[in-house]
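Student: FYI, the numbering for the sequence shown is 1 to 264, going by UniProt numbering.
Bear in mind the hints are in silico, worked out from the structure with no lab data behind them. It should be emphasised that the depicted structure is a prediction, and the values quoted were computed from it without experimental measurement. Glycine included, every Cβ here is placed at the ideal spot set by N, Cα and C. Hints should not be assumed to be uniformly reliable.
[Said to hold, decoys possible] Computed list of lysine-lysine pairs in PhoX-like fashion (alpha-carbon distance at most 25 Å, straight line):
#, residue 1, residue 2
1, K183, K73
2, K64, K54
3, K196, K119
4, K183, K196
5, K200, K218
6, K242, K255
7, K35, K15
8, K70, K58
9, K200, K35
10, K201, K234
11, K122, K58
12, K254, K234
13, K234, K249
14, K249, K183
15, K143, K74
16, K218, K35
17, K194, K255
18, K254, K196
19, K58, K139
20, K234, K200
21, K250, K196
22, K194, K218
23, K64, K194
24, K234, K255
25, K73, K194
26, K119, K64
27, K22, K11
28, K35, K201
29, K122, K165
[To be verified] Computed spacing ranges between beta-carbons, pair by pair:
#, residue 1, residue 2, range
30, E18, K139, 27 to 33 Å
31, D80, K191, 19 to 25 Å
32, N12, G215, 27 to 33 Å
33, H140, G30, 28 to 34 Å
34, Q91, P247, 24 to 30 Å
35, E10, K249, 45 to 51 Å
36, K139, E235, 37 to 43 Å
37, G187, E66, 25 to 31 Å
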Amino acid sequence: MILPTDKWLEKNLNKPLEILKKIDGNLEDGKQFYKYLRSFGMYQPSRGAEECCKELVKDDVWSKVEIMFKKYKKLWNGVDINIAILPIDVQNRGLMRETRGRSGIAFHDCIYLFFSPQKDDKEYESLFVHEYHHAVRLKHFKKEMGDYTLLDSLMFEGLAEHAVKEYCGEDYLAAWCQSRGGKQLEGYWEKWFKNKLGLKKNEQAHDDLLFGKRGYPKLLGYSMGYYLIEQFKKENSFSTAKAIYLPPKKLLIKKFFTNAQMPN
Numbered sequence: 001m002i003l004p005t006d007k008w009l010e011k012n013l014n015k016p017l018e019i020l021k022k023i024d025g026n027l028e029d030g031k032q033f034y035k036y037l038r039s040f041g042m043y044q045p046s047r048g049a050e051e052c053c054k055e056l057v058k059d060d061v062w063s064k065v066e067i068m069f070k071k072y073k074k075l076w077n078g079v080d081i082n083i084a085i086l087p088i089d090v091q092n093r094g095l096m097r098e099t100r101g102r103s104g105i106a107f108h109d110c111i112y113l114f115f116s117p118q119k120d121d122k123e124y125e126s127l128f129v130h131e132y133h134h135a136v137r138l139k140h141f142k143k144e145m146g147d148y149t150l151l152d153s154l155m156f157e158g159l160a161e162h163a164v165k166e167y168c169g170e171d172y173l174a175a176w177c178q179s180r181g182g183k184q185l186e187g188y189w190e191k192w193f194k195n196k197l198g199l200k201k202n203e204q205a206h207d208d209l210l211f212g213k214r215g216y217p218k219l220l221g222y223s224m225g226y227y228l229i230e231q232f233k234k235e236n237s238f239s240t241a242k243a244i245y246l247p248p249k250k251l252l253i254k255k256f257f258t259n260a261q262m263p264n
């Protein structure tokens with residue numbers, strides 16, 4: 001369901017911890033969780049955040065996302081899940097430039113969507129498609145977050161962005177999808193990825209490769225995931241509605257599977 005964060009923001013925009021407690025009544029360490037969400041783009045209280053929120057309300061974003069939710073839930077036989085719409089951190093210019101003013105994160109029980117006002121509704125939809133795809137896949141595989149591996153994460157990101165391509169069009173893909181060539185990515189696969197696919201989500205090396213930290217190219221794992229699915233599509237019939245439920249190993253074509261150390 002679409003949570004009434006518009007109403008909560010109207011009263012408590014300057015108290016983000018109060019907003020987060022309303023979203024998740026069982027939240028224990030609100031400060032730490034807020035810090036985590038901010039790393040994905042959640043707003044900081046400011047005049048800019050107030051203006052952003054007013055514009056989102058004016059644009060009726062909550063109703064628009066509800067229509068999207070019903071559409072993709074039906075298309076993908078998807079999950080019921082709480083969806084929290086919040087302003088993005090409009091003061092972070094780098095974030096705004098890199099994300100086109102939209103970001104988000106999905107958990108088992110809630111999707112957080114961070115928006116700035118968009119002239120094109122497809123910008124809202126492309127982010128929703130990406131994050132709701134994650135939520136459907138998370139629900140299907142029923143693993144604890146800490147048990148997901150690097151291979152899982154690569155496929156999560158690659159599949160989600162190919163869903164964006166299928167339903168919204170190539171113009172709405174994230175910049176990281178095509179920021180590196182195939183030859184370069186296959187070199188990175190051999191050098192850095194194929195023997196580290198079992199890294200768990202709670203290990204630092206997992207995030208280093210996925211997000212491109214500590215000397216790795218930025219968002220490298222995202223680019224890799226998109227490329228792996230792109231290669232799968234060249235050899236197999238593909239639709240998001242079916243692929244969303246496929247296990248990661250089924251999505252690797254032979255040349256990537258060979259000699260790679262697969263997670264158990």
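Student: Could you tell me which of the hints above the structure violates, numbers in ascending order?
Tutor: Result: hints 1, 3, 10, 19, 20, 23, 25, 31, 32, 34, 36, 37 break, sorted rising.
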